[in-house]
Every structure is written in C-alpha cells, then in structure tokens.
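> Letter by letter, the chains look like this.
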Amino acid sequence: MARRVLAINPWPGLIVAGLVTFFSLGTLLTVALRADSFGALDHFDWASVRFTVVQAFWSAVLSVGLAIPVARALARRSFWGRGALITLLGAPFILPVIVAILGLTAVFGRSGIVAYLLNLAGLEPISIYGFHGVLLAHVFFNLPLATRLLLHGWVSIPAEQFRLAGALNFTSQDTFHHIEWPMLRTLAPGILAIIFLICTTSFAVALTFGGGPKATTVELAIYQAFKFDFDIGKAALLAGIQFVICAIAAIASLWLHVPQAVMSGQDRIVQRFDTGRFRLKVLDAVWIVMASLFLIVPLLAIVMQGASSVMSLPEAVWTAALRSVLTAVTSAGLSLVFALALALAAIRWQWLEGVGMLSVAASPLVMGTGLFILVFPYVDPASIALAVTALVNAVMSLPFVLRSIGPAVRSSEQQFGLLSDSLGLVGWARLRLVILPRIRAPMGFSAGLAAALSMGDLGVVTLFARPDGATLPLQIYRLMGAYRMDQAMGAALLLLLLSLVLFYLFDRGGRAHAVS
Amino acid sequence: MLCLKNVVVQQDDFRLQANFDIPTRRRVAVLGPSGAGKSTLLSVLGGYLATTSGRVLWQGLDITDQPPSQRPIATVFQDNNLFPHMTAVQNVGLGIKPSLKLSPKQTEQVDDALRSVELGDFGQRRPAALSGGQQSRVALARLLVQQKPLILLDEPFSALGPSMRSDMVDLARDIGARAGATLLMVSHDIKDVEHFADDVIWVEEGMCQAPLPLADFLNHPPQGFKDYVGD
Numbered sequence: 001m002a003r004r005v006l007a008i009n010p011w012p013g014l015i016v017a018g019l020v021t022f023f024s025l026g027t028l029l030t031v032a033l034r035a036d037s038f039g040a041l042d043h044f045d046w047a048s049v050r051f052t053v054v055q056a057f058w059s060a061v062l063s064v065g066l067a068i069p070v071a072r073a074l075a076r077r078s079f080w081g082r083g084a085l086i087t088l089l090g091a092p093f094i095l096p097v098i099v100a101i102l103g104l105t106a107v108f109g110r111s112g113i114v115a116y117l118l119n120l121a122g123l124e125p126i127s128i129y130g131f132h133g134v135l136l137a138h139v140f141f142n143l144p145l146a147t148r149l150l151l152h153g154w155v156s157i158p159a160e161q162f163r164l165a166g167a168l169n170f171t172s173q174d175t176f177h178h179i180e181w182p183m184l185r186t187l188a189p190g191i192l193a194i195i196f197l198i199c200t201t202s203f204a205v206a207l208t209f210g211g212g213p214k215a216t217t218v219e220l221a222i223y224q225a226f227k228f229d230f231d232i233g234k235a236a237l238l239a240g241i242q243f244v245i246c247a248i249a250a251i252a253s254l255w256l257h258v259p260q261a262v263m264s265g266q267d268r269i270v271q272r273f274d275t276g277r278f279r280l281k282v283l284d285a286v287w288i289v290m291a292s293l294f295l296i297v298p299l300l301a302i303v304m305q306g307a308s309s310v311m312s313l314p315e316a317v318w319t320a321a322l323r324s325v326l327t328a329v330t331s332a333g334l335s336l337v338f339a340l341a342l343a344l345a346a347i348r349w350q351w352l353e354g355v356g357m358l359s360v361a362a363s364p365l366v367m368g369t370g371l372f373i374l375v376f377p378y379v380d381p382a383s384i385a386l387a388v389t390a391l392v393n394a395v396m397s398l399p400f401v402l403r404s405i406g407p408a409v410r411s412s413e414q415q416f417g418l419l420s421d422s423l424g425l426v427g428w429a430r431l432r433l434v435i436l437p438r439i440r441a442p443m444g445f446s447a448g449l450a451a452a453l454s455m456g457d458l459g460v461v462t463l464f465a466r467p468d469g470a471t472l473p474l475q476i477y478r479l480m481g482a483y484r485m486d487q488a489m490g491a492a493l494l495l496l497l498l499s500l501v502l503f504y505l506f507d508r509g510g511r512a513h514a515v516s
Numbered sequence: 517m518l519c520l521k522n523v524v525v526q527q528d529d530f531r532l533q534a535n536f537d538i539p540t541r542r543r544v545a546v547l548g549p550s551g552a553g554k555s556t557l558l559s560v561l562g563g564y565l566a567t568t569s570g571r572v573l574w575q576g577l578d579i580t581d582q583p584p585s586q587r588p589i590a591t592v593f594q595d596n597n598l599f600p601h602m603t604a605v606q607n608v609g610l611g612i613k614p615s616l617k618l619s620p621k622q623t624e625q626v627d628d629a630l631r632s633v634e635l636g637d638f639g640q641r642r643p644a645a646l647s648g649g650q651q652s653r654v655a656l657a658r659l660l661v662q663q664k665p666l667i668l669l670d671e672p673f674s675a676l677g678p679s680m681r682s683d684m685v686d687l688a689r690d691i692g693a694r695a696g697a698t699l700l701m702v703s704h705d706i707k708d709v710e711h712f713a714d715d716v717i718w719v720e721e722g723m724c725q726a727p728l729p730l731a732d733f734l735n736h737p738p739q740g741f742k743d744y745v746g747d
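Taken in order, these protein sequences are the chains called R and H.
Residue numbering for the first sequence follows our numbering, beginning at 1 and increasing consecutively.
Residue numbering for the second sequence follows our numbering, beginning at 517 and increasing consecutively.
One or more of the hints may lead you astray.
What the hints assert, rightly or not - In the SDA-like style, the derived pairs of lysine to any residue whose C-alpha atoms are separated by at most 20 Å in a straight line are:
| id | chain 1 | residue 1 | chain 2 | residue 2 |
| --- | --- | --- | --- | --- |
| 1 | H | K613 | R | P437 |
| 2 | H | K664 | R | G424 |
| 3 | R | K227 | R | R34 |
| 4 | H | K613 | R | W428 |
| 5 | H | K613 | R | L418 |
| 6 | H | K617 | R | L431 |
| 7 | H | K613 | H | Q582 |
| 8 | H | K617 | R | P437 |
| 9 | H | K707 | H | V745 |
| 10 | H | K617 | R | R432 |
| 11 | H | K613 | R | A429 |
| 12 | R | K227 | R | V379 |
| 13 | H | K617 | R | G424 |
| 14 | H | K664 | R | L418 |
| 15 | H | K613 | R | L431 |
| 16 | H | K707 | H | D683 |
| 17 | H | K707 | H | R542 |
| 18 | H | K613 | R | R432 |
| 19 | H | K707 | H | G649 |
| 20 | H | K707 | H | K742 |
| 21 | H | K613 | H | P665 |
| 22 | H | K521 | H | T540 |
| 23 | H | K617 | R | W428 |
| 24 | H | K617 | R | A429 |
Stated by the list, open to error - Chain H residues, not near chain R, derived (Cβ > 12 Å throughout):
| id | residue |
| --- | --- |
| 25 | P620 |
| 26 | Q622 |
| 27 | G677 |
| 28 | D686 |
| 29 | A731 |
| 30 | G746 |
Since the hints were derived computationally from the structure, they do not count as laboratory data.
Glycine included, each C-beta is placed from N, C-alpha and C at the ideal position.
With the hints as constraints, model all of the structure from the sequences given.
Right under this line is the structure:
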C-alpha cells in the first residue's frame, strides 16, 4: 500500500516503547553497571541458580504430565459442573499467589487436612516447606493453565477424525497413537516452555515455601542480598543471571510457538466412540475428581478458615487493602494506556508490539533492583513504593494486555479504517467513537486481569515498602511470619474477594451494553 | 470536471494507468474483469492509494496529495459502510461532523436524510437490527448529508438480491441527482449499468479507457467486454 493515512498520532506509542524498553532493558543495564564480578558469588548463590532451573523443569514436567489425562478426561466426558470446572481452571490467572500459598498450607501443611489423614493412618506428616512445597505450589498454579491449553488442543481436533476412528474400530490406544499424540507432540513443548519460564521468575512461592540453601530461587536470592545484606553489587549480579535464565526460556518458548490461552470455545465435547468401556470411565472420573479436589479444597479452606476472622481484622490490614486497591486500579489503568498507545502506533510500525512483549523475559525483581539503584541517591525508595509497584506491574501485564487489545485494534482498523478516513474521523474522535467502542470487551477483560495481577503482587513491593506502607499481600506475608495464621487467613479471604471483585467489575464494564 | 492526468500506480508487478476527464454531473459505470484495477482506480480517487506519477484534478484544483476526508469525495464501500456499534442516526451524523457533536439544525438534517431513504422510524436502530437493504439505505442517507460533489460507489450493493440491488441503484441515482454530484460506480451487473450510467469506463489489465457514452460502448464493445459477458 503506497500511502496509509496516519489517523492517530504515533508519538504516545513511541514514548511508551521507550518507557518499556527502559523498564526491561534499562534497569538491567543499571544493574549490570553495579554488578560485582562472578567471584563474588559463593556456592550458596550457585545453588540458587541450579535450584531455579531444576524446580522450574520439574514444575513444568509435572504440570504438563498431570494435565494430559485431566484434559483428555475433560475433552471426552460430559458431566454436571463441567463448564464450572473449566471456568475454575481459569481462576489461577487472577488468584493471588499468597492466597494459594495459605490455602495449600491449610491443606498440606503441618496441621492441615492431609497431615490429619496421614496421622489417622499412622504415618508421619509431610512438610510443605522446601523443594516439594515449591513444586506443589507451582503445579497448583500451572496444572490449570496446562489443562486449558491442552483442552483447547483436544477440542480443535476435527470431529471427523474421531468419527473415522470409530468407523475403523480404533481402540483408545490406537486413537491416542494416531490422533491425540500428534496433537500433543506439537502443543506440549510450547506449554512446557511457557510454564518453565513462569516458574523461573518464581518469587513469592520461594519466599514462603522455599528458603535455606536447598530451596532458594535466584529471585529470592536477589531479595535476600538486598534486604538482609544490602549488598547491591551482589543483588545486581544475581539480577543479571536471572535475566539470562529468563531470556533463554523466553526465546525457547517463542521458538516453540506457545499456544494462546483461549478463553472460549471449550464447551464442545468431542464425540468419541472408543471410550465406552467401564474401566476408561472410572479412570477419567478419578482424574477429574482428583484435579477438582486439588484446586477447590485449598480455596475452600481459605473461605472457611478466613470467614471467622475477616470481620475482626486489625486496622492495618484494611489500610493495606486500600493501598492495594488503589495500586491495582492505577496499574490496570496504566497498563491499558500503555497497551493502547503501543497498539495504535503498531498499526504503522509493527515492531512496536514486539517491544511491548519485552517484559516477558524481564523479572519484576530485576526491574525493582534497577529502579532502586537509580532512585536511591535522590529519593527515599519507600516514599515511591506504591507508584513503582503500579508501574512495574503495568509493564509486567503489558504482554497479555497487548495480546488481547492489539488484534482488536488491528481488526477495527482493518474493517473501519477506510470508512473512518473517508469521514475525517481522526485523532481523538477516531479513538472515542470508533476504536474504543470496538475494543471494549477485550479491554475490560485484560484490565480485569491486570488489576487482579497487581492486587495479588508480592514482588517488587517487598524491596521498596516500609512496614507501615505495606500492600495487602505483603501484610499477609508479615502476619504469616508472625504466626498470626487466623488473621492471615482472614486477610487472604479479603484479598481473594477484592481480586475477584476487581476482575469482575472491569470485565463487566467492558461487556455491559457491548454491541458487536 | 474530474481530470486524471497521466495517472500511474505501480503495485509490485501490477500497473494501473488512467488518463481521462469526466464532466461534472455525469453518472459513470466502471466495468471490467476481476483484478483489472477497478477498485484500485477508486482507491486512487478516494485518496487511499498514492499515485506513482500523474495528477488528479477536481474543477482545476490539484487534489493528488489531499487526504481522503479533505477531498470533495464521498465513498460507499463494498462492505463495512456502517459502524455496528452506532445507531443509524449516529452513522449518518458522522457525515456532518466526525465528533458527532451536532447542532439541533444538523440533527434535523440527519432526520431528513433518513426520512428521504424511508428510514424515518429506524434512526435509533443499530445495523444488526436492520436488513441488508436498510443498511445500504443508511449509507446512502449519509451521502445526502455529506454533500460532496463526487460520489464513488465501489460495488456497494453486491451483497443484495437482484431486485433490491436495482432499487438501490435507482436510489443512488436520485441521491446523486439531488446533490448535483458526479457519480462513479463499480459494478459487475450489466443490467445495473444500463439502468444507471451515462458513460462507461472500461478497465482491463490495468488500462483505464476514457469514458464512452453507454450506447456507443454497447454498440462497439471492446473484445475484453465480449469475453467478460460471455457472448
């Protein structure tokens, strides 16, 4: 096309691109300039590097390995509550990590349900701390993700293939071999890579369930170098190592073509002709029940144990909640503005969307370290803790916000760009009358995700906040540290409710009166 | 008068050439096989596609480098002529003011336009609640309020059935006449063209012929046209 009329000023997009580049790469550069040489790392630090990779690897393998039978059972069985269960599989996207951790503690912890059952059977209780605790939490978060992605793979297999299999009298092994395995072979490596990437940046889980020489991730080591030793040079060096791990995992997942997390079109049940046997029915039922219990019981535990104390929470928890809500709403707003500016400018310069994805490889703790180094000489980092948290979260949310808004903006421009040009709809009028109304639904949905993500964030805020300036997740972590488990449970329930309400309000706002 | 002076558009290995004048207030059909360059020609006139060389003049004024909305031109596209999230009134109102902040008088103008396409009672409906023919009429009503002296119709009714389509072609004719506008319409249907056109521009393999009066064109059709209609 020889000329494309520039309907909307691309400058905001370029500014945002600069900002994102600064946050993901600039902070890294800042960090690199302050980093010690490798000699400064003791064997403890190298153990954290090894642990990060090993736990991420096993988390990914376990999540995908367990997700395969669960997704298969979901794909080929129709039962009461199936839709609700699939919706629930999306919940970990907006579930604050600290809430899940408390829920898992209530179930698998020293005085939890599982320990009680083991005790009845005369067995020693298992400890939730250390390597297997970290794995447990990571599987809790990523099994649902893997299941959703695989389920999508299953329902996208053309129905004719299963009919053909029926006509040819395939056993379920034959079906697996000829139809399901080829699908898994293309999908599974990408899903493994993305879960590996997610788990390498694990901080909150390692902070609570990990620790000690055997279960410290690099992210946690950065935090400790910072918080306990105030050794910025070492923190910076670790941040550099973390970036390399993330970058390798991100490149691998790009290369393996990660499937998109699709939120719809999973209600179709694949009609099968090889699954009528009783043994298979029982097998599928067992998988579905196990997966449901694994997801639901920890959440139920939070609701039941938290309900009694949520109304009697100390004032500090409520002020922390207010801080969190403000931070989350600001962060979601920033993330939307950033994504919109990038998506609009990307109509002209497509590479800008790639810039928005940079933070996939960035870690919030690395950003936090870099920002701390930059602002430390000039202002008290604690005084800008919430602003930094909102900004960093906005940048971290950018990849998925952009991925949902970008295509919507493009398709709006594709369909209505010419018409808008011919009517002189440019600038604000174009944005207000054409683009925004057309992207409301994905905008509301992704803002809801971004708000919930920021609401539950327990990352960069730990570096910056003072005790009297905590967000709700940080407050919960402190209550846990002080062994105020009843209050922690109540606060976790509050956090869970606030996250869900924020997500619901944004998503609802996008969908209300929406016309396609 | 619309003048195309040695207009050339080069797109990869496709080349469009046009060098002719169209007198004011004529109704001109643009005919030719698929891929010959009909829509490309309209894109150039509408300002969506830059010329590689040559000039486009309207009433002696060079409009080659003007952006689409600054041109004295209104376009009805093949599809996506209406914003699905806006009512008929809003869709027409955009033709007056893109900000949709209309004065009472301008609102009255919009209502008049909708009435004259027999959609007086449908103003508050969105496109999804209108039939295909009604949607076309909303687009035509917008032409009325845009008051541009040159109207481009790029196969705008191709999704409609034959009888509905010929009604719409008639309506477009009337609207052109009321606005005193020059009309260019791309069409595939020779019956529509006979109904509509004073002149015909034949486009084949990127070459746009100068407009010929309809009767002359039909009496001495080019070989490509005979192949195209298949007799």
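> So which of those numbered hints doesn't the model satisfy?
none
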